[in-house]
Amino acid sequence: MDRAVVFPTCMGDLVSPQVPERTLGLLRATGCDASAARGGTCCGQPAFSAGHVDAARRVARTTLRALDRTEGDIVVVAGSCAAMMRRHWRELFHGDRDEETATRVSGRVVETSQALAARLPALRRLGLRWRGRVGYHDSCHMLRELRVADEPREVLGAVDGVELVELRHAKRCCGFGGTFSVRYPGVSVAMADTKLDEVSELGLDALVSCDGGCLMQLGGRADATGRDVRPMHLVDLLDEARPR
Amino acid sequence: MTTQHRDLLTETGFEELSERQLATPFIRQAVPKATDHTVAAMGALFADHDREALRDRGAAIRDEVIADLETHLVDLVAACEAKGVVVHRATDAAHAREIVRGIVRAADARTVVKSKSMMSEEIELNPALEADGVKVVETDLGEYVVQVSGDRPSHIIAPVIHLPREKVRESLSAVAGEQLPPEAEALTAWAREELRGSFLAAEVGITGVNFGVAETGTLVLVTNEGNARMTTSLPRVHVALMGIERVLPRMEDLAVMLPLLTGHGTGQQISCYVTMIDGPRREDEPDGPEEQHLVLIDNGRSALARSEYADILRCIRCGACQNICPVYRQVGGHAYGWVYGGPIGAVLTPLLRGDEDGGELAQASSLCAACDDICPVKIPLHELLVKLRRRRAEGDSAPRVEKIAFALWSRAWSVPWVYRLSGPLGRLTLLPLARGGRVRRAPRPLARWTSGRSLPLPARRPFHRR
Amino acid sequence: MTRRLDAPTELAPGADPLAAFAAGVTRSAAGVGRVAARDVAGAVMDVLGRHGARSVALSADLGPHLDAVAAACRDAGLDAERYDAIAADRARIGALDATVTGCTAAIAATGSVVLGAGAGRAAGLIAPLHVCVVRAEQVLGGLSDLFADPGRFASSSLTALQTGPSRSADIEKTLVIGAHGPCAVEVLLVEATA
Chain D
4 MDRAVVFPTC MGDLVSPQVP ERTLGLLRAT GCDASAARGG TCCGQPAFSA
54 GHVDAARRVA RTTLRALDRT EGDIVVVAGS CAAMMRRHWR ELFHGDRDEE
104 TATRVSGRVV ETSQALAARL PALRRLGLRW RGRVGYHDSC HMLRELRVAD
154 EPREVLGAVD GVELVELRHA KRCCGFGGTF SVRYPGVSVA MADTKLDEVS
204 ELGLDALVSC DGGCLMQLGG RADATGRDVR PMHLVDLLDE ARPR
Chain Z
46 MTTQHRDLLT ETGFEELSER QLATPFIRQA VPKATDHTVA AMGALFADHD
96 REALRDRGAA IRDEVIADLE THLVDLVAAC EAKGVVVHRA TDAAHAREIV
146 RGIVRAADAR TVVKSKSMMS EEIELNPALE ADGVKVVETD LGEYVVQVSG
196 DRPSHIIAPV IHLPREKVRE SLSAVAGEQL PPEAEALTAW AREELRGSFL
246 AAEVGITGVN FGVAETGTLV LVTNEGNARM TTSLPRVHVA LMGIERVLPR
296 MEDLAVMLPL LTGHGTGQQI SCYVTMIDGP RREDEPDGPE EQHLVLIDNG
346 RSALARSEYA DILRCIRCGA CQNICPVYRQ VGGHAYGWVY GGPIGAVLTP
396 LLRGDEDGGE LAQASSLCAA CDDICPVKIP LHELLVKLRR RRAEGDSAPR
446 VEKIAFALWS RAWSVPWVYR LSGPLGRLTL LPLARGGRVR RAPRPLARWT
496 SGRSLPLPAR RPFHRR
Chain P
6 MTRRLDAPTE LAPGADPLAA FAAGVTRSAA GVGRVAARDV AGAVMDVLGR
56 HGARSVALSA DLGPHLDAVA AACRDAGLDA ERYDAIAADR ARIGALDATV
106 TGCTAAIAAT GSVVLGAGAG RAAGLIAPLH VCVVRAEQVL GGLSDLFADP
156 GRFASSSLTA LQTGPSRSAD IEKTLVIGAH GPCAVEVLLV EATA
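Chains as they are written, first to last, in this note's numbering: chain D, 4 to 247; chain Z, 46 to 511; chain P, 6 to 199.
Chain D extracted, bound-state conformation:
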């Protein structure tokens, strides 16, 4: 039996705990011996991207050491955090006493849709069913740093009744960008509008993403403008699709 731990990320832990929880549930349902990763906080990405490397390293170290005490795949529920851990942790801890740990841990990191796509036959056996037209929004770092684009679409394809509609500009940034979203709210919001307008135009029933940052941005903008758009995490849709 394969083993995995779910790293909730700070946002998944504190703001949308249903995401790591459902990820855990789905992994277990596919027969994986999955548990919650305890003792971690944040991957350090907000500080790293803003250029504050020491701050990023300090926070990431706590998470790194906690994760090193676990075994199996480290399933990270947000694409950009997974990218940070997999792509940038080695650089962040380069020449540091925890360099070896960083190499070891980052090699175990997988993003949620990757973890689920790797267990696709078992996932299919769950009899997932969700009726509606669904768009998928690629999170930038998941797409361009992790190069994960097919897996979430494959997973959505395993849900009976889901009609996957490709957005014309699925791969264009939603405008979140971490600190960018609060440094330049005007531009950031305009970018979200471009994305949401297309979703409204297509009349989609859900807009799926695998990144809490994008979802907070798109959800927050959709809510503030009263748009009838429902941004949701992949695992939220899968959870709704599970037969009760």
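Please keep in mind that the hints were generated in silico from the structure rather than gathered at the bench.
Accuracy of the hints is not assured; some may be wrong.
Listed below are the simulated DSS-like cross-link pairs for lysine-lysine, each with C-alpha atoms no more than 25 Å apart in a straight line [to be verified]:
#, chain 1, residue 1, chain 2, residue 2
1, P, Lys178, Z, Lys78
2, Z, Lys423, D, Lys174
3, Z, Lys448, Z, Lys423
4, Z, Lys180, D, Lys174
5, Z, Lys78, Z, Lys212
6, Z, Lys212, Z, Lys180
7, Z, Lys212, P, Lys178
For this one, chain D is given, so just place chains Z and P on it according to the hints.
Positioned in the frame of chain D, the structure of chains Z and P alone reads:
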């Protein structure tokens, strides 16, 4: 006609400039349309070709040059001089301006025609020549419109992407002294006639250089309008301005670099005119300039070649990163406050002008990395942005409050129990402001989030307590 | 180059260079006609007549066709001069209706013609109409074939790769044919004599 510009970079920040652009409906309509069109054309052009392999070769050629810039420059200079080209080397913008002023003065020129050159924008050449009483005429249609309307180019390839046709008509009509017809065809035809006179009258022609080939001393210019070729054929003196990094080792490298440039710049298989210049007119040739100058301009580049930012010198100024950039397409090039807009500007401006003036631009990106993927020479633009942010954070130009905030945050969140407190603490603070689990108007610093977006409340029971 | 270059500016393997060249010229919004060597003068006159050109300059690089074309122009009552004879007279070249040049090479993949300074630097673009005579044996496959021999560029102070009429899309991305260079380009491809 004067083209002295205020320095918007230091006077105003990106936020204010971008808000101004966001409030201009034409920009938000025209820029996405035009840039999407070019990106689509590029995609179609490379659909049946291995774009990745071509980009790899392009990047390797550029890296070969940057790794040993001075040797390639020495070769280029020798090859050019052997063909009778007068080569000048300028250390910075002021030096370059002085050299060009000297050439123009020696030529006793009253009229100078110019073909679009980003280098000329970078060294702010026009005001210097105009101050000497020289009539400077931009001949690229877009640059001409920019010049007569006292504006600035907002895109490397499409300088007036930000102007509606009606505005172009207004500006050109003012020069014509009569109301010109509104169609692009008629406006272009009018400009052709108007500029023809300048071409025939000018004593000096100034161009940029797309590539300088070290092996042969060939200067390569790429245009669609034919103005670079006019500028290098008709006036008695030709002055080519070239950033020192624009060298290619060999002629055969053009077979790689030209399709990369035109394919990514305009989505064209090839531009209408690729002009390769090998010195001044020769005795047995019917026309061409008697004098040919090449001004090699460093302006910070040789230092960059030795720095961790050397990759930026691969840039061939195709504008593709501007076309794909989700920020640029919202705000256009003027939001960036100086010569280069979009991702290339966000990287190059702080590097050429320093963090004090330009450091903020490295923040003006969501780091989506779409630019990395489109760049014909694979410049890791978003990684360079992160490096620049690091440089700024570690230097003196980052605000103190930002440094303190990150330091405090990192101390708190590196201790699990303190981190765990931040959920409930945040929830308690925001709860009175929330309705239906969301906050629509928050006090500072969260107000910058809630301007236009609502904020979800931290959960009642975080994951670690489940 | 060691590996075959895969770029949009290379001729597809197995493609017929002359057919590809003609297609490339058409794609570039220029006209193309295939003529026998003995019909070149007539074909040039047809093109000039179609465009209503009266004032014409002929470049020296027309080589063996120069005299025949000049004679045909005279017979048709056109004001035709050799480009090199009038190149210094700016007002004169500025008022030309057409130029007729040869070329030093042509590129099949892109439909481009390559002009040297011997034709006159401005000869290929100063007039509203440019007629370019290309001999079949001058047609190369792609850009890598042109640039493979750096010596090719040594014999002239300028080498111009021209593809179709000049154009600008600066105003609202509207493509306008005829910016500073010609508004029309007509290529005459001279078939190799059997």
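Hint check:
1. P:Lys178 to Z:Lys78: holds (9 Å)
2. Z:Lys423 to D:Lys174: holds (18 Å)
3. Z:Lys448 to Z:Lys423: violated (32 Å)
4. Z:Lys180 to D:Lys174: violated (47 Å)
5. Z:Lys78 to Z:Lys212: holds (18 Å)
6. Z:Lys212 to Z:Lys180: holds (24 Å)
7. Z:Lys212 to P:Lys178: holds (14 Å)
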